[in-house]
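2 protein chains.
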Amino acid sequence: MSIYLDFNPPLVLASKSPRRQQLLRELGFNFTIKAKDTDESYPENLSPEDVPSFLAIKKAKALLNEVEDEIIIASDTIVVLEKTILGKPKDYDHAYEMISNLSGKTHQVITGVCLLNKTKQVVFSDTTQVKLKNLSKEEIDYYIKRCKPFDKAGAYGIQEWLGMAAIERIEGSYFNVMGLPTHKLYTELLKFNQ
Amino acid sequence: MSIYLDFNPPLVLASKSPRRQQLLRELGFNFTIKAKDTDESYPENLSPEDVPSFLAIKKAKALLNEVEDEIIIASDTIVVLEKTILGKPKDYDHAYEMISNLSGKTHQVITGVCLLNKTKQVVFSDTTQVKLKNLSKEEIDYYIKRCKPFDKAGAYGIQEWLGMAAIERIEGSYFNVMGLPTHKLYTELLKFNQ
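Residue numbers (the working numbering), protein chains in the order written: chain A, 1 to 194; chain B, 1 to 194.
Bound conformation, chain A alone:
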């Protein structure tokens, strides 16, 4: 098995997230970026753990007509608290409410990934358990004002202040919480051509 920076066929990352771009780069792969705004709705009867894979497939398929033989990498990350999906917060109050609900509890972060080209589709997902300590009002306020987590599912980034000061433990992959289950992505990419 060889580990080359240039993957053949070339990789296309279907994500505008600078965090995902950074993770894929540090994982050792060259790629181009092509992202479309995709409708992120999903069937109501879908169980939470299937939603990220469903949306990852949707994002990947939206790009299939725009590539030749490249492999599209698309993904979606959700935060699940007591079987309810938390999306991105609309504003300060919404972010405050989400973080208050996460405080003192364990939630799940699930990332679904779809690898897709003209001839093949591979879908996988990964779940990380995350335990937050009890947060004070001042801590939640400080975090939202300092880090403005309005682009983040569940209203926090694990790599930011809240992740450092308030996450007591995780079980699973840290990078999965950041937005890509890098260990699985690495293995599945090397297997894709076999």
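One should not assume that every hint holds.
What the hints assert, rightly or not - Heads up, simulated EDC-like pairs for lysine to aspartate or glutamate below, C-alpha to C-alpha not over 20 Å straight-line: (1) LYS105/A with GLU188/A; (2) LYS184/B with GLU168/A; (3) LYS191/B with GLU138/A; (4) LYS184/A with GLU188/B; (5) LYS131/A with GLU188/B; (6) LYS145/A with GLU139/B; (7) LYS133/A with GLU26/B; (8) LYS184/A with GLU168/B; (9) LYS137/B with GLU168/A; (10) LYS133/A with GLU188/A.
Calculated from the structure, these hints are not laboratory results.
Position chain B relative to chain A; hints supplied.
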């Protein structure tokens, strides 16, 4: 409780590690850096889990005559595989041997922290379980040549390629593996003055 960037009394970080400096800064604290090369030997009969705290106290005490009322933060991180401590690798072959031994197994990363000023000493530690997948010869060689992990206990950095591609799961704190159990440090610093 207030969360200010300027801690009173001021903080002194006893570490040259850029990773620890970055973590303490992102945790929201201002500090100065004062690090001395300290003898890192420890009594042979000390059990592995007590070694990081022992060395953290040693590093903190070495600076006590150089501060006024500041709080010194000193720490030490070790990697433990099957009750044996892995230090920093001497060269390529040593790093290769260490990573080969970690491959496919779960090891422990333990960071000990000492907070010390003229009147008070607080010591705590944190353990994270880390599971590595089976690594091929080419993967170990690629990692050592790419990331040159000669300054790292156990010959790897979790934030580097090996951490992304080969760590299947962790249990505990990610930042503890990077070098500081940030969640505990945050809580203990706020309690230190009480």
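Do the hints match the structure? See the list:
no.	hint	verdict
1	LYS105/A with GLU188/A	32 Å, violated
2	LYS184/B with GLU168/A	8 Å, holds
3	LYS191/B with GLU138/A	16 Å, holds
4	LYS184/A with GLU188/B	36 Å, violated
5	LYS131/A with GLU188/B	19 Å, holds
6	LYS145/A with GLU139/B	42 Å, violated
7	LYS133/A with GLU26/B	18 Å, holds
8	LYS184/A with GLU168/B	8 Å, holds
9	LYS137/B with GLU168/A	35 Å, violated
10	LYS133/A with GLU188/A	34 Å, violated
Comparing the model with each numbered hint stated earlier shows that hints 1, 4, 6, 9, 10 do not hold.
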